[in-house]
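> The chain contents come next:
There are 4 protein chains.
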Amino acid sequence: MKNTFGNNVSVTLFGESHGAAVGAVIDGLPAGVNVDESFISHQLDLRRPIGKISTPRHEADKFSIVSGVFNGKTTGTPICVLIPNENTKSGDYSKKYGKARPGHADYTAYVKYNGCEDYRGGGHFSGRITAGLVAAGAIAVDLLKNKGIYIGTHIKKCAGVNDEPFTDYKKDTELLSVAQFPVLGEAAKNEMISAIEKAAEEGDSVGGVLETAVTGVPVGVGEPWFDSVESVIAHALFSIPAIKGVEFGAGFGCADMRGSQMNDEFKLENGAITTKTNNNGGINGGIANGMPIIFSCAVKPTPSISKTQNTVDFISGEEVSLSVSGRHDPCIVHRARVVVDSIAAITLCDLLSQKFGTDWLV
Amino acid sequence: MKNTFGNNVSVTLFGESHGAAVGAVIDGLPAGVNVDESFISHQLDLRRPIGKISTPRHEADKFSIVSGVFNGKTTGTPICVLIPNENTKSGDYSKKYGKARPGHADYTAYVKYNGCEDYRGGGHFSGRITAGLVAAGAIAVDLLKNKGIYIGTHIKKCAGVNDEPFTDYKKDTELLSVAQFPVLGEAAKNEMISAIEKAAEEGDSVGGVLETAVTGVPVGVGEPWFDSVESVIAHALFSIPAIKGVEFGAGFGCADMRGSQMNDEFKLENGAITTKTNNNGGINGGIANGMPIIFSCAVKPTPSISKTQNTVDFISGEEVSLSVSGRHDPCIVHRARVVVDSIAAITLCDLLSQKFGTDWLV
Amino acid sequence: MKNTFGNNVSVTLFGESHGAAVGAVIDGLPAGVNVDESFISHQLDLRRPIGKISTPRHEADKFSIVSGVFNGKTTGTPICVLIPNENTKSGDYSKKYGKARPGHADYTAYVKYNGCEDYRGGGHFSGRITAGLVAAGAIAVDLLKNKGIYIGTHIKKCAGVNDEPFTDYKKDTELLSVAQFPVLGEAAKNEMISAIEKAAEEGDSVGGVLETAVTGVPVGVGEPWFDSVESVIAHALFSIPAIKGVEFGAGFGCADMRGSQMNDEFKLENGAITTKTNNNGGINGGIANGMPIIFSCAVKPTPSISKTQNTVDFISGEEVSLSVSGRHDPCIVHRARVVVDSIAAITLCDLLSQKFGTDWLV
Amino acid sequence: MKNTFGNNVSVTLFGESHGAAVGAVIDGLPAGVNVDESFISHQLDLRRPIGKISTPRHEADKFSIVSGVFNGKTTGTPICVLIPNENTKSGDYSKKYGKARPGHADYTAYVKYNGCEDYRGGGHFSGRITAGLVAAGAIAVDLLKNKGIYIGTHIKKCAGVNDEPFTDYKKDTELLSVAQFPVLGEAAKNEMISAIEKAAEEGDSVGGVLETAVTGVPVGVGEPWFDSVESVIAHALFSIPAIKGVEFGAGFGCADMRGSQMNDEFKLENGAITTKTNNNGGINGGIANGMPIIFSCAVKPTPSISKTQNTVDFISGEEVSLSVSGRHDPCIVHRARVVVDSIAAITLCDLLSQKFGTDWLV
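Chains as they are written, first to last, in numbering that gives the first Met the number 0: chain A, 0 to 361; chain B, 0 to 361; chain C, 0 to 361; chain D, 0 to 361.
No lab work stands behind these hints: they were computed from the structure.
Hints may be right or wrong, so weigh each one.
No copy is singled out in the list; a pair is fine if it fits within one copy or between any two copies.
As the list claims (entries may be wrong) - Computed list of lysine-lysine pairs in DSS-like fashion (alpha-carbon distance at most 27 Å, straight line):
1. Lys95 to Lys61
2. Lys144 to Lys170
3. Lys95 to Lys144
4. Lys266 to Lys169
5. Lys144 to Lys169
6. Lys95 to Lys266
7. Lys306 to Lys144
8. Lys169 to Lys95
9. Lys266 to Lys306
10. Lys306 to Lys188
11. Lys275 to Lys306
12. Lys94 to Lys275
13. Lys146 to Lys94
14. Lys169 to Lys275
15. Lys72 to Lys94
16. Lys266 to Lys94
17. Lys95 to Lys72
18. Lys51 to Lys188
19. Lys275 to Lys144
20. Lys188 to Lys169
21. Lys188 to Lys95
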């Protein structure tokens, strides 16, 4: 379905960048799950722009829970979270309609929607839509923690700078859960921020790779074929407009490996079956094998740049040049992180409840 | 759904490696589509093992169309294709039950299915299941050609050897559609085959990357968010057990690019809007922009290798060593190609009919 | 899915009777469809309580369209309609928690949701949730009219009083579309209203049957098996809490007919193929045959009555007696009418776009 | 989806009356469920024609389980059951193509499928397709018995003759499970059979009503709105071509009741909460309340009758008359019974696993 994903636990997105509000409906969570509004705010904060490396558009992100929560707990019926748009400057956008911003959906939206699309600030294609996803996902992230399932994402690479790898999933995940700029190495952080600022000064933008670890998923969750853990997580990740690649475990690196290197040998560890390496990213045959589920996604450089670009005006039918002014992010990698965490949480709730039932989640 | 994917056009898979048969049901294709059985055979041939670089298990792959085809055309109702398993040697497998083959789903299946899984030859996790997908997909591949939509996949990289890039999509796609070992450069082919044979001799296996181009998809197909072209194709690709990464256009390469490099500038070409580069892989905001849709997927080295590996016997609970004998492929990258084409065709039929209706497909 | 229905065109419901708001997200409608807010208001008015035969709870039903509409037209992305709850008197309800109202979902909700349900005014089980459905459905009703597809529902029977049958679908449908109490015979109307008032005076309530006609659906829409016109419409109708029966054409009457009576003979009418009778309700083999689609649904008497009833207090575990005070409808048949129309419109949009594509709807 | 229904547990149908085979794929059942082939045969026997009141076409119904069963148990992966068509006389049908049989899908199929439909014996619209559903459903029926959930259906009414009502669900359900002609009263049986034979002699056919009771479903299964027990069961029932009405509990009878009659008062029985009456058919607010789930469906008289009927030849475009010869059933009510049971079992498996997980089913 277009804006709904999931079966037992599903999420529906709506809203436009400069409309009245963005929001999400999360359905299928059992009754009795604690809903910590301060944690939702915290997650929304992690998505917010910071300093010089982000857009100057600052949204209060004051969400309201319209339904599905009663006395601080889920009622078991759909939870609608609404986040009004406040700091909109639509004047910025309307004049430029027709000039297809390269890397954006202006042109495809125009063709698809016959010129009826809400073009202001990217409309329904805007990253702003992810605010609803993050608010809904916060409930799922929190719920999974209570079941011993932890999700953590760091910037593996940004603007050509590499972060340190995960060393201690438990500690690292805790650290990342409160970091506004989520890296594991302090040096990498400074280098990345410098590189982002440099690109911004040059009227340009940068991309990066996010790497996520999920620990505590029971062996046996997921399915061969179309409900494989990889299929379901990748489906949702690729719905984020900026994501252009997803890989699990060694991912594309496996192309240069031999089977004897790629295969994760099994061993016993305190009586439990585990693997020596984790090139398969915690998944064998689509099913969680008890190791951390590891995946990475490639985030493209923000397409909005002030550097002059050539393009076409699809209204006048002429070639034109364009400098995207307005308020933009030179980098969204760090802001996308909590979106990825939210997606991981929601999709895993769905897969877990397929096997164990939604009642299990509470 | 576990073994069903798609809405307007959907596919359902069933079967085990050493059961009576494998097969697929493709539903939602309109009535009146030509069903060319020789083309189905041709596609199944492309999936078949070849020479020393494949398993010695040879299956006749004599398919039968059980339903949905009448007088050589689709009837508009579900098409079930059945492919009997003939050359099965289940004795090879039963004795080894319990010894988890590294990189395989033996252990996860055991936990998930409580020891009731059909473990012979990988059961429902076997690549053999893709034969049904290829047979069903052949009808979709053929149908799309009649609508001017062409799909071609080459081995971008295998065993550390790189192929030439696409130069002329039309010609290249035609060439690939009949190549048993699908590469664009003759030299690359020989190098790859040598490297595969070398790995085989050493009791090992190799992986690779497949790159696919789809031309002719109308602008406007696909959706923002959960029915994005990327989401739907990646979902289905990640259901193939060996796929560990999927990327569109520049993919993970975008992490090292600036926005000014990654953005595909629009231009006019004979009055039509097109882009100068194709780093976004023909997709903006989840929607086809008229450029070729380009994606790559990482195929891991076949986990079955004869080299001795350490593992655990999950029945006895002991650490053991293991050499996977039996009949195995040192490389499945070339065989996976037609599976990828089939997936692309089926998912695109679904997305096309969302916008234009299933009637449009005929 | 729990609160989402449809594939190409889908609707998602949320809200509770005494929460902040109720609402719906309708997704999949193409861009460029006129959204007439006064028609939405009109439809919501048809759902509103009237005079002595309805609850004294009066809600302004001031809806706001949060997303998906721009410059008075659909944008092609999800439309979220929000209807705040204003006239809530939750004090009425909280004291009685535990005393299971017969015919209501109090007890099943308590067990299902472990006591975390929002019990105020029936929570998510309340007929109030249908306000969102009606607002979203109004857009679909209006859209279909532009495609020549008209939907009309009358009270076939209420409180033991029968209405006149449809005689001229075009005229009747027009008449019904503006009637607050939708009957075809003036005498029936007065009798029904008297009977409802009588029941109300006696602290009781009444039920009835709604009959719907849909004209203009093209031959060939719908599917054999699970996407039959009957399946899809009935699925959505049975989600309305008060509906206990659905039948198409002659419905249960067919049990007493011979095949020679039930079969609708085909004939030519001005060169077009049509049928002499319409016992099959415009559907053969799950597919529209060009005749009006006719279905009826049974609406049970409102379970909230002030007459004393015996029941169980599921908190104290004791048998108790109960008189449901608060604000209730002695009859909801007339108010349910526009809900039925909305459901018919949304489900038909989905079936039409399966065959013709969502683009066809504009 | 067209020929697939269900989420956690789903069924996919395929086949035509005179094609190679009919069949079904049931997916999502957990591993380790006993598959009793003799019980599948038994269920198929209940669907078979009997004596003078059925078609003389006798199919051996020798099914083969193609996948998903290993060592007599489910493997947890899709189970494909295949039932070859043997006794086909396609000559009977081809000559008559064009003459739309009243009450059949000949004309709608012709329009929908552009003349490419498999018209032999009704093709994919044939009741023969239900053989696959019954075979797949048998596994679900059997599985539920092991969980204490029993399903029984009797002919409530046929050819104007009424059966006795359920008196003791346990006993009655056992009795019905082995009755070829499923009635609760011996007198009713003889009267019904006489009436059917009489209609047959007159070249006509009869319809009826089936009533089903399901006992043992835990309180709390099902959902408000679109996954209500009523919605899900009715959706699947209305996919059976002959079903024209579905009602739960008092059903259409509720239209003539007052709330004080319709409401099922709660009481304590050995400490458990139960209801005095069961007018709501065991469902409140879409959710099972622990009472037997009771529903009825109207089965129309078989449209194939030898009496002469008027119709149109959609090929020649002329009005013609028609006597349907060939091999037909004067009544299918008794044969439809086991189809209804199968549908009840499959849909309940899906609803149960939504709440409790598929693992619970084993």
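> State for each hint whether it applies.
Checked hints:
1. Lys95 to Lys61: Classified as neither: same-chain Cα gap 30 Å, cross-chain 34 Å, threshold 27 Å.
2. Lys144 to Lys170: within (14 Å within a copy, 48 Å between copies)
3. Lys95 to Lys144: Answer is neither: 45 Å inside a copy and 36 Å across each miss the 27 Å cutoff.
4. Lys266 to Lys169: Answer is within: at 21 Å inside a copy they meet the 27 Å cutoff, but 50 Å across does not.
5. Lys144 to Lys169: Only inside one copy: Lys144 and Lys169 sit 12 Å apart there, 45 Å across copies, limit 27 Å.
6. Lys95 to Lys266: Close across copies (17 Å), not inside one copy (61 Å); limit 27 Å.
7. Lys306 to Lys144: Neither. Shortest intra-copy (44 Å) and inter-copy (40 Å) distances fail the 27 Å Cα cut-off.
8. Lys169 to Lys95: Neither: 48 Å inside a copy, 36 Å across copies.
9. Lys266 to Lys306: Between copies only: 17 Å across chains, 54 Å inside a chain, cut-off 27 Å.
10. Lys306 to Lys188: Within one copy only: 26 Å inside, 42 Å across.
11. Lys275 to Lys306: between (48 Å within a copy, 17 Å between copies)
12. Lys94 to Lys275: between (58 Å within a copy, 25 Å between copies)
13. Lys146 to Lys94: neither (51 Å within a copy, 34 Å between copies)
14. Lys169 to Lys275: within (18 Å within a copy, 46 Å between copies)
15. Lys72 to Lys94: between (46 Å within a copy, 20 Å between copies)
16. Lys266 to Lys94: between (63 Å within a copy, 21 Å between copies)
17. Lys95 to Lys72: Classified as between; 21 Å across copies, 46 Å inside a copy.
18. Lys51 to Lys188: Answer is within: at 14 Å inside a copy they meet the 27 Å cutoff, but 50 Å across does not.
19. Lys275 to Lys144: within (25 Å within a copy, 44 Å between copies)
20. Lys188 to Lys169: Classified as within; 20 Å inside a copy, 46 Å across copies.
21. Lys188 to Lys95: This pair counts as neither: shortest intra-copy Cα distance 36 Å, inter-copy 49 Å.
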